[in-house]
Amino acid sequence: MQALTNRAKQVERAPMTFIEQLYLWNIVKGMAITFMHMFKKQPTIRYPEQKREFSPVFRGLHVLNRDEEGKERCTACGLCAVACPAEAITMEAAERLEGEENLYREEKYAAKYEINMLRCIFCGLCEEACPKDAIYLSETFTPADFNRKNFIYKKTDLLIPNPTTDAQGFAAAKGLN
Amino acid sequence: MTILALDWFLLIEKLILIAVIIFASLGVALYTTFAERKVAAILQDRPGPNRAGPFGLLQPLADGLKLITKEEIIPTHANKWLFILGPGLAMTAALMTCAVVPWGGTIDVMGHKVDLQIADINIGILYVFAVVSMGVYGVMIGGWASNNKFSLMAALRGASQAISYELAMGLSLIALLMITGSLSLRTIVEQQVGHVWNIVYQPVGFLIFFICALAECNRTPFDLPEAENELNFGYHQEYSSMKLGFYLFSEYINMFISSTIMATMFFGGYDLPFVTSHLTNPGTAAIVGIVVLMTKVVMFIFLFMWIRWTIPRFRYDQLMDLGWKKMIPLALANMLVTGFFILLKQNNWHF
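Residue numbers (my numbering), protein chains in the order written: chain S, 1 to 177; chain B, 1 to 351.
Keep in mind that the hints are not guaranteed to be accurate.
As the list claims (entries may be wrong) - Partial list, derived from the structure: chain B residues whose beta carbon lies under 7 Å from chain S:
{"#": "1", "residue": "42"}
{"#": "2", "residue": "43"}
{"#": "3", "residue": "45"}
{"#": "4", "residue": "47"}
{"#": "5", "residue": "310"}
Claimed, not checked - The following label-pair restraints were derived from C-beta to C-beta distances:
{"#": "6", "chain 1": "S", "residue 1": "35", "chain 2": "B", "residue 2": "75", "range": "52 to 58 Å"}
{"#": "7", "chain 1": "S", "residue 1": "146", "chain 2": "B", "residue 2": "121", "range": "55 to 61 Å"}
{"#": "8", "chain 1": "B", "residue 1": "23", "chain 2": "S", "residue 2": "146", "range": "36 to 42 Å"}
By construction, these hints were calculated from the structure, which means they are not laboratory data.
Bear in mind that the values here come from a model prediction, so they are computed numbers and not experimental data.
Where is the CB? At the ideal position from N, CA and C, for every residue including glycine.
Modelling step: build the complete structure from the supplied sequences, incorporating the hints.
In structure tokens:
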């Protein structure tokens, strides 16, 4: 039969030689192989101390963004909730009142914004759907908690630190430094 | 110090020696479990346990604590007494063997000569054999009392394996004992101090003994009683908490003891070539002896682990085939050849 590639190898069916039948020599050979592995470099990343470099498109936990003056970008349009295939996002809209212009960028804002992190599949479709660049996925991952209900992240958990009051925290969350 | 017709000093000396050796064996076994995991990891390009303490050195303590605090379960249909007796027997048999091993020479304590050996009985090696073969009762009773098919199968395998390999082991030792002319372990070691080790006279005997020791300790490639993929977990499947710990522990103690026996019988025990016979101070000689013996034991234990993480398990028929059709005839032939040479030597190398 014509071989499809030149990688095909003929299987050898020669009877075992005397040394092979003794089995001991083959054990010694095998042990030499395992012994050489002692000097090989370990590919392990020692996790909590060392971390694997993420690719720039890594999708971790969500962050609700603010603009440079510290105003919330989200207008509670609901596109992220519609885009979400896991239906993890819920929100309630509210109207901005007089004197709250420094808090919210536009006249409408999200009074309540919740993401159920146990439902979320971290697909990043919310980030793509958002017309205001208000939500993005950070590099934070593996959250841990003793309680399931704490995994429903509220607005306080999601909002980025205010750049006017906490510039350092804002920069850290943005991954700028 | 003789009160009530008893040599109290001897009593205290032996008690201290027993306590030290038992705790040392337990400590060694504890850290052998750690070493096993580390060796396995290193041979497989992994770092191994490294979280508890520096380099993971406290890992065995954490493991022990975990085992002790686990829930103790005795299955409803298990035979309760035998279920408890099994691990106890395994552990006792494993610990009892270290009584006859000479750990070093003789030291002077307050004018008394103290042998670094619990009991120098003149049938030392027979005693070891007797106690080691009792260890298989731990496996058998545990497996039977669990009232579980897999455990029973494992126990049957363990028992038949132990019996098959004990024969070859005994035969390989007979050849050695024909040369030494003594069953006392101390005499065997003292014969080797300053002379060549027995391994030179008995390389084949050592090979057979080593393979049988692997089988007796239920180590890979002879770990059929614990074949996870065939028997779930083997004879200790129904066990939990420290009873399981006893079974796992006794395996490591057995490994330690058989390494010690091999070092004693074939590799000169506490003898360091060209050094031990020139040491005049008995204190120094004893310390050097213990260090040397421990080094040999550690090397054997490493060899056990190295083999475990290299070779896959035998099939049951292969195991029996090797035991009965290869090892026993080889041991018999070895015995005959040894006898031939001994007779030749007695006849001043004339036919």
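Hints versus structure:
This hint holds: residue 42 of chain B has a C-beta 5 Å from the nearest C-beta of chain S, less than the 7 Å allowed. For the restraint placing residue 43 of chain B at the interface with chain S, the shortest Cβ-Cβ distance is roughly 5 Å, inside the 7 Å limit, so the hint holds. A distance limit of 7 Å between C-beta atoms decides the matter here; for residue 45 of chain B the minimum to chain S is near 5 Å, and the interface restraint holds. At its closest, the beta carbon of residue 47 of chain B sits 5 Å from a beta carbon of chain S; the interface hint therefore holds under the 7 Å criterion.
Look at residue 310 of chain B: its Cβ gets to within about 5 Å of chain S, closer than 7 Å, so that hint holds up. Between residue 35 of chain S and residue 75 of chain B the C-beta distance comes to about 43 Å, which lies outside the given range of 52 to 58 Å. The hinted window of 55 to 61 Å between residue 146 of chain S and residue 121 of chain B holds, with their beta carbons roughly 59 Å apart. Roughly 40 Å separates the CB atoms of residue 23 of chain B and residue 146 of chain S, a value that falls within the hinted 36 to 42 Å.
Checked against the numbered hints listed earlier, the structure breaks hint 6 alone; every other hint is satisfied.
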